[in-house]
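Mapping to our numbering: the sequence shown position 121 is 121, numbers consecutive.
These aren't lab readings, by the way, just hints derived from the structure by calculation.
Predicted model only: the values in this text are computed from it and were never measured.
Do not rely on the hints blindly, as some may be mistaken.
Each pair of labels, with its calculated beta carbon distance range [stated by the list, open to error]:
#, residue 1, residue 2, range
1, Ser-46, Ser-84, 42 to 50 Å
2, Gly-85, Ser-61, 33 to 41 Å
3, Gly-31, Gly-8, 27 to 35 Å
Yeah, the Cβ is synthetic: ideal placement off N, Cα and C, and Gly gets one too.
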Amino acid sequence: NGAQAYQGVWPGGIHPGTSVGSMVRWTAPSGGTALVSGTVNLYAASGTAGVTFQIKHNAASIEGPTSLTNTTPVAISETAVMSSGDTLDFIVTAIGPNSNCSTGLAPVVQFTTDGSTPAPPTLFPASASFLFSRELNVSR
């Protein structure tokens, strides 16, 4: 649970707060290339104005914001050249009131340090690869 009503992050899902978004962060362990894939979608479209989804590499947006107003999964497909300690933030923010904004989030980060194309993903438990953040001060 986050600092605001309904705000939270759990393995495979995320829900924004009333006036701030929620995020999942991945941090590069060294320099290399991150190939980001996966999907994001609302769990239910009734009773909500939807959410926006965005990926930031450090402070710069590399995908979105994309409006999600139905349950159709949206594919994630980005490549980022990373330095050690760089971050990828997966951010969900409510478009209007935040009721029924539960969002499925299934990112996969394939990472290589030798300049080659990342190999097919090896899946790790989310807690091993991602920091789950309960509050992000991102205004709508």
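Hints and how they fare:
In this structure the hint that Ser-46 and Ser-84 lie 42 to 50 Å apart at CB holds, the actual value being about 44 Å. The hint said 33 to 41 Å for the Cβ distance between Gly-85 and Ser-61, and at roughly 19 Å that hint is violated. Separation of Gly-31 from Gly-8 is about 33 Å and conforms to the stated range, judged on CB atoms against 27 to 35 Å.
Going through the hint list in order, the structure does not satisfy hint 2, though it satisfies all others.
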